[in-house]
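Take a look at the letters that make up each chain.
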Amino acid sequence: MGHPVLNVQSVTMAFGGLRAVDDVSFDVKPGEIVGLIGPNGAGKTTLFNVISGYLKPTQGRIFFHGDDITGKPPYDLAKIGIGRTFQIVKPFAGLSVLENVMVAVLLKHPSKKNAEANAHAVLEFTGLLDKAHMPASSLTLPGRKRLEIAKALALEPSLLLLDEVMAGLNPTEVKETTGLIQQVRDRGVTVLLIEHNMRVIMSLSHRVIVLNYGEKIAEGSPKEVAENPLVIKAYLGEEMAV
Amino acid sequence: MGRKFYASISVVVLLFLVVPLVVHDTFYLRVITEAIMWIGLAVTWDVLAGYTGYLNFGHGAFFGIGAYTTAILMVHKGWPFFAASIAGGAMAGLGALIAGIPTLRLRGAYFAIATWALARAIQQLALILDITGGPDGMRLPPFLQPGFFFYVMGGTVLIIFIVFWYLFEVHPFGLKVKAIRENEDGAMAMGLNPARIKIKVFIISAVPTGIIGGIYAYWITYIDPSSTLGDLVTDQAVVMAVFGGLGTLIGPAIGALIISTFKTYFWAYLSDYQVLYLIILGGLIALSVVFMPDGLWGTVYGKIQNARLAGSKEKR
Amino acid sequence: MLQLLPQAIVDGILIGGIYITVAIGFSLAYGVMHVIDFAVGEWIMLGAFMGFYLNRWLGLEPILLFPVIFLSFFVVGLWIQPLIHRVLSGRRGNPVLMGLVFTFGLALMIRGIALTVFGFYSHSIPSSLAQGSLFFQVGPIFVTIPLIRLTGLGYAVLVTMGLYYILHRTDFGLAVRALAQHKEAAGLMGVNARRTGGHVYGLYTGISATTGALIGCIFSISAQMGPDYTIFAFFVVVLAGMGYLPGVPWAAFLLGFVQSFFLIYLSPSYTMLAVFAALYLILLISPKGIFGKGV
Ligand SMILES: Nc1ncnc2c1ncn2[C@@H]1O[C@H](COP(=O)(O)OP(=O)(O)O)[C@@H](O)[C@H]1O
Ligand SMILES: [Mg+2]
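Protein chains in written order, with the working numbering: chain R, 1 to 242; chain Z, 1001 to 1316; chain A, 2001 to 2295.
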């Protein structure tokens, strides 16, 4: 009740001398789609790794639905409802597409029969059904990105962390994936989204957070952020895909 | 898959039941029993290596723990054989739990080292303890019924085979194990705790190994640290599984059958050159790895698959 | 009992010195090639027998044979490494796993060959240094330092300093360190992974083999000695942090102390068990080694 889905408090992640994430705080409220943007190397993926339990933050705390989850391992976080994708995709290469999704579905549906039915539904929803019996290693990049989303969705999370799921997709595929994310949100899933494609960010997010050199330099509506001089300066020299 | 599987199981069971009726020569019954034992040891080794990617270079220790536990319980506590061998399996499982907790969190290299060291530690322990008889070993109450041991060993290995097949190829558990093998980070995001699942597989591998050790002890009636806890058990299981093909249940079984047959003849004709056997085992491992990394079964099966694919393409 | 303490400490240092050379090449090879060589003890054993036979045939002081032994095994290493490289860069199966299996098989094969050729007997290599000892006495306390063991420690210092020099002052060393840190990046920088790996492996087999000859002068040798030294090498390297060279001497001395104290104060048959128990505890508490720098 009343708690934000995700509450990040002064989180710092240092690798030796490098502060990849530097004193970042923000909230994500139920049903929101929040965009996380910033130049390459800004610390976005690192922040995801901290939130999803792959890294223990050097400082700061993270709350999920009001519970302190700082330092909990990824598998426990997956169980309580945090689903994530990986920018560098991590398919179970030797397994079929269906089996990949089954692994995720099993978390909420331990019986094999239910799991198979649910996995089929997820594959249909993500448009992978015709590839169900192909080995995951035979998928092309767009297929792999989609499989990442399918696996994360199959966990039936309440918070979905998407790390550059559109990178490398053509405009049609980008449009499809955008629609997919919209539908996911309509099902009541809260989404935190790392994306370089500004048009996607503009059309999808309710709110945008901007990282630069690990620090949060701006937060606000997509329009506010796009007009923020600090943000423009940070992106100067970077290709902005508009 | 289903019907074929049950059909082949029935055939195996039938064959198995009639063997002692046909084979009257105790030498051959013994040879067959031993071959079956090695199938069991190679397959139990391979469920860990093939399904999780962790090499247990101390497999013989779990075999030995089972053998010694069975012997101690039967000799010193008067336990009946079946209970004692089950307890042997339990002790082996406990050993796997203790050895697995610190090492299965780490990369495979640590595990390989630690299990190899563990085997030596257990051997040392058996050499200096009183209850194990030290270097003199232990004698078990003799029970000279080759048919009995054939059925017990065969039945046990058959059950192991079916349970493994069910667990790793049918039950969702197998899918989770494979997911961890394929990508540990990816699997964690799916709610899987890799260390815990790997420890489970380690225990699943160790318990039947211990039971087989217990049966072996009662069958052979004499165990000592150098034969029962020596390297040879591990070495052979590794060769059989690697030569046959890791990551399947059939591969190691085929490897075990071939090598254990070879060993019988080797021992029959070349027992003066025992150490040659080590060279052959070592050479076989090294050569398999370099020239046949998928093992015999993997390579042959791959060829068949390719031929089939080529065939179906030609038809179209 | 207390007056034995100084002797135990001195023995620990002297034994520890040998363990430095047992483990340092092994650690280097792991750092660069990322494969555990289960044959480490077998290289030591082979070197020991080479020293034994050369000494018997030529009658030369074994220490003077070290360069020949080193060079011979350097060549053997150069010859073996491409096989390991081939296994590790294989595309089928699981190459890392296969690398481990390969060295495991290699160790088995070497042991089998050695048992066939050399038999089961124990030998020792007669060295003129084995007779002499230094004595120190202060009141009731006295300490003996056999010259040959002192030579062993000296050899360890020499090898350590030599490796340090090679790694930090030569182009080859730069390439090795680059490879150890980042394989792909090193390749981009023009490091020939294959050749550098071969030389590292040669260095390692060479150092291990000479260590064997040294051990032959101090203790005894047999075709079955390999696995014990493999365990010691494992122990030192795990304690030091796998692939972390600066940790090796300290870990080696610790192992030396464990051994000398058990030898003097407890039963030697518990030594191995103590080593295993320590290894287990390290893995449980601090798996990256006591310096936390292992890979
Ligand atoms: N495990 C790590 N160890 C050391 N440095 C890291 C690690 N992960 C990320 N970094 C560094 O942190 C910075 C932020 O990286 P990342 O979070 O991937 O950026 P982004 O996803 O915004 O492009 C980069 O400089 C990167 O090199
Ligand atoms: Mg990123």
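No wet-lab data here; the hints were simulated from the structure. Everything numeric in this text was worked out from a predicted model, so none of it was measured. We put the beta carbon where it would ideally sit given N, CA and C, even for glycine. One or more of the hints may lead you astray.
[What the hints assert, rightly or not] Using 25 Å as the maximum straight-line C-alpha spacing, the simulated DMTMM-like pairs for lysine to aspartate or glutamate come out as follows:
| # | chain 1 | residue 1 | chain 2 | residue 2 |
| --- | --- | --- | --- | --- |
| 1 | R | Lys-131 | Z | Glu-1184 |
| 2 | R | Lys-108 | Z | Asp-1294 |
| 3 | A | Lys-2288 | Z | Asp-1185 |
| 4 | Z | Lys-1004 | R | Glu-99 |
| 5 | R | Lys-131 | Z | Asp-1185 |
| 6 | Z | Lys-1178 | R | Asp-76 |
| 7 | R | Lys-112 | R | Asp-130 |
[Said to hold, decoys possible] Selected chain Z positions facing chain R (Cβ under 10 Å, derived; list incomplete):
| # | residue |
| --- | --- |
| 8 | Leu-1175 |
| 9 | Lys-1176 |
| 10 | Lys-1178 |
| 11 | Ile-1180 |
| 12 | Asp-1185 |
Here is what the structure says about each hint:
1. R/Lys-131 / Z/Glu-1184: 23 Å, holds
2. R/Lys-108 / Z/Asp-1294: 35 Å, violated
3. A/Lys-2288 / Z/Asp-1185: 20 Å, holds
4. Z/Lys-1004 / R/Glu-99: Holds, at about 23 Å.
5. R/Lys-131 / Z/Asp-1185: Satisfied, since the Cα-Cα distance of roughly 24 Å is no more than 25 Å.
6. Z/Lys-1178 / R/Asp-76: 20 Å, holds
7. R/Lys-112 / R/Asp-130: Given that 25 Å is the threshold and the Cα spacing comes to 21 Å, the pair holds.
8. Leu-1175: 6 Å, holds
9. Lys-1176: For Z/Lys-1176, the interface hint holds, since the closest Cβ of chain R sits about 6 Å away, which is under 10 Å.
10. Lys-1178: 6 Å, holds
11. Ile-1180: Check passed: Cβ of Z/Ile-1180 comes within 9 Å of chain R, closer than 10 Å.
12. Asp-1185: 6 Å, holds
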